[in-house]
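Engineer: These are the residues of each chain, in order.
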Amino acid sequence: GAVVSQHPSRVICKSGTSVKIECRSLDFQATTMFWYRQFPKKSLMLMATSNEGSKATYEQGVEKDKFLINHASLTLSTLTVTSAHPEDSSFYICSPQGLAQSGSQFFGPGTRLTVL
Amino acid sequence: SQKIEQNSEALNIQEGKTATLTCNYTNYSPAYLQWYRQDPGRGPVFLLLIRENEKEKRKERLKVTFDTTLKQSLFHITASQPADSATYLCALTRGGSQGNLIFGKGTKLSVKP
Chain A
1 GAVVSQHPSR VICKSGTSVK IECRSLDFQA TTMFWYRQFP KKSLMLMATS
51 NEGSKATYEQ GVEKDKFLIN HASLTLSTLT VTSAHPEDSS FYICSPQGLA
101 QSGSQFFGPG TRLTVL
Chain B
117 SQKIEQNSEA LNIQEGKTAT LTCNYTNYSP AYLQWYRQDP GRGPVFLLLI
167 RENEKEKRKE RLKVTFDTTL KQSLFHITAS QPADSATYLC ALTRGGSQGN
217 LIFGKGTKLS VKP
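Going down the list, the sequences are from chains A and B. Following the working numbering from start to finish, the first sequence increments by one per residue and tops out at 116. Following the working numbering from start to finish, the second sequence increments by one per residue and tops out at 229.
Among the hints, a few may not be true.
Derived DSSO-like pairs: lysine-lysine, alpha-carbon spacing no greater than 30 Å straight-line [as the list claims (entries may be wrong)]:
1) Lys187/B with Lys20/A
2) Lys41/A with Lys119/B
3) Lys221/B with Lys20/A
4) Lys187/B with Lys14/A
5) Lys221/B with Lys66/A
6) Lys20/A with Lys228/B
7) Lys64/A with Lys228/B
Stretch by stretch, here's where chain B covers chain A in the computed footprint (C-beta under 8 Å, at least three residues) [what the hints assert, rightly or not]:
8) 14 to 26
9) 67 to 79
The hints are simulated quantities; they were obtained by calculation from the structure and are not laboratory data. This one's a predicted model, so the numbers in the text were calculated from it and none came from an experiment. Glycine included, C-beta positions come from ideal geometry on N, C-alpha and C.
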């Protein structure tokens, strides 16, 4: 399967600060990146989709000015949670997609964000 | 709206038995359905994909069925082992891109030795 990394794996921050999460696709070119989040005992929910070099498309209810996504290269995408609040505490997971994939999808190991 | 349900939040079975997990969906006709394994604090790991024109798919001790009339998929693990203990997620492609997935809440499987 594809190799995907995320950094950091966990982060604790104070309310009001911004946190950047990196997602790297290590062995294929990610033309599209999906960002999901998962609250405790809830299903993974898609937050946004970005294509390399383009602006991200956000799902309903996800604030684009709060969750900034950069997908400037085919191997790196970043998600920045701006002015984080305790309700943003969640498990954030990226999922890259290349042109060659066929049905199955690979996910990063996730980043646990805790906002105090 | 599209819904996907995994009926059991948790399933406990004895080692060696077959685990059967259920996934039902409504208001949707997916081109394919996927099953993932998720361990605590980790991202999902892809297990199997089954297409709408396939009835059954196997991979080692795993078997998935897909009944588009019932709108249901069953996921079986035969000869279960304690190492199979994890949460298993069912996911459907929402359309457009393959990575745009709707996930069920998952079933937490515990295999007792």
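Engineer: Give a verdict on every hint.
Structural biologist: For each hint, the structure was consulted:
1. A C-alpha spacing of about 40 Å is found between Lys187/B and Lys20/A, which places the hinted pair above 30 Å, so the restraint is violated.
2. Taken as a hint, the Lys41/A and Lys119/B pair is honoured in the structure, with Cα atoms around 17 Å apart against an allowance of 30 Å.
3. Only pairs whose Cα atoms come within 30 Å are accepted, and Lys221/B paired with Lys20/A is accepted, the gap being roughly 27 Å.
4. For the hint pairing Lys187/B with Lys14/A, the CA-to-CA distance comes to about 45 Å; that exceeds 30 Å, so the pair is violated.
5. Restraint check for Lys221/B and Lys66/A: the C-alpha separation of about 26 Å stays at or below 30 Å, so the hint holds.
6. The hinted pair formed by Lys20/A and Lys228/B fails the criterion: a straight-line CA distance of about 40 Å is larger than 30 Å.
7. Proximity of Lys64/A to Lys228/B is assessed by CA-CA distance (about 45 Å); at most 30 Å being required, the pair is judged violated.
8. With 0 residues carrying a beta carbon less than 8 Å from a beta carbon of chain B, the stretch 14 to 26 of chain A misses the three-residue requirement, and the given coverage is violated.
9. Against chain B, the stretch 67 to 79 of chain A contributes 0 residues with a C-beta closer than 8 Å to a partner C-beta. That does not satisfy the three-residue criterion, and the hint is violated.
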